[in-house]
Amino acid sequence: MRMASRGDDVASTITLRVRVEQHQPDLPRFVVVPDSAVASWKLEGTTVIEGTAGGFDLGRRSLKRWDADRWFLDLPGKWCRDADVSTGDEVEFTLRIAPSRLPRELERLIAGSMAASTAWEALTLSQQRMLREHILAAKRSETRERRARRGLRLDGNSQ
Numbered sequence: 000m001r002m003a004s005r006g007d008d009v010a011s012t013i014t015l016r017v018r019v020e021q022h023q024p025d026l027p028r029f030v031v032v033p034d035s036a037v038a039s040w041k042l043e044g045t046t047v048i049e050g051t052a053g054g055f056d057l058g059r060r061s062l063k064r065w066d067a068d069r070w071f072l073d074l075p076g077k078w079c080r081d082a083d084v085s086t087g088d089e090v091e092f093t094l095r096i097a098p099s100r101l102p103r104e105l106e107r108l109i110a111g112s113m114a115a116s117t118a119w120e121a122l123t124l125s126q127q128r129m130l131r132e133h134i135l136a137a138k139r140s141e142t143r144e145r146r147a148r149r150g151l152r153l154d155g156n157s158q
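FYI, numbering that gives the first Met the number 0 numbers position 113 of the sequence shown as 112, with every residue one higher than the one before it.
Read the hints as simulated data drawn from the structure, not as lab findings.
Just so you know, even glycine gets a beta-carbon here, dropped at the ideal spot from N, CA and C.
Errors might be hidden in some of the hints.
Unchecked claim - Cβ-Cβ distance ranges computed for the label pairs, FRET-style:
1. 89 x 39: 21 to 29 Å
2. 152 x 69: 29 to 37 Å
3. 124 x 69: 20 to 28 Å
4. 11 x 81: 22 to 30 Å
Claimed, not checked - Simulated pairs of lysine-lysine, DSBU-like, Cα-Cα distance not exceeding 30 Å:
5. 77 x 63
6. 77 x 138
7. 41 x 63
8. 63 x 138
I would like the entire structure built from these sequences, with the hints used as guidance.
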């Protein structure tokens, strides 16, 4: 495995070459990221990252803690097919922490409604991250707005 870190701040980019793994065919492929590769990021838990692998955009993905020495990143089947990546392949990954900005629709909702602001503040950091990513995954503003309202339980429905 080859690692190179650019910069010492949280916004630094890391490059590493790792083997694509898969425990069983019905589970997603994944890569293991050594803690030493992301140590400069000072991660405390699941973190949203962006980057490329083998030159293909990863989009926004969750880097999750495996144990004290390792993190892992799921690689969905569709992404693997599009990138022509198979189990056992060694692939170069370039990763950076994704911006944690709120979607405009969620930001407006929180700013304009005490109920929305209270609901947002009641969520744990993990719940806030998951809701933010769920909203950001929508392509249309109307869908992001609907997801924000549902996620904060402002429309009478739960997720």
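### Unsatisfied constraints (hint numbers, rising)
none
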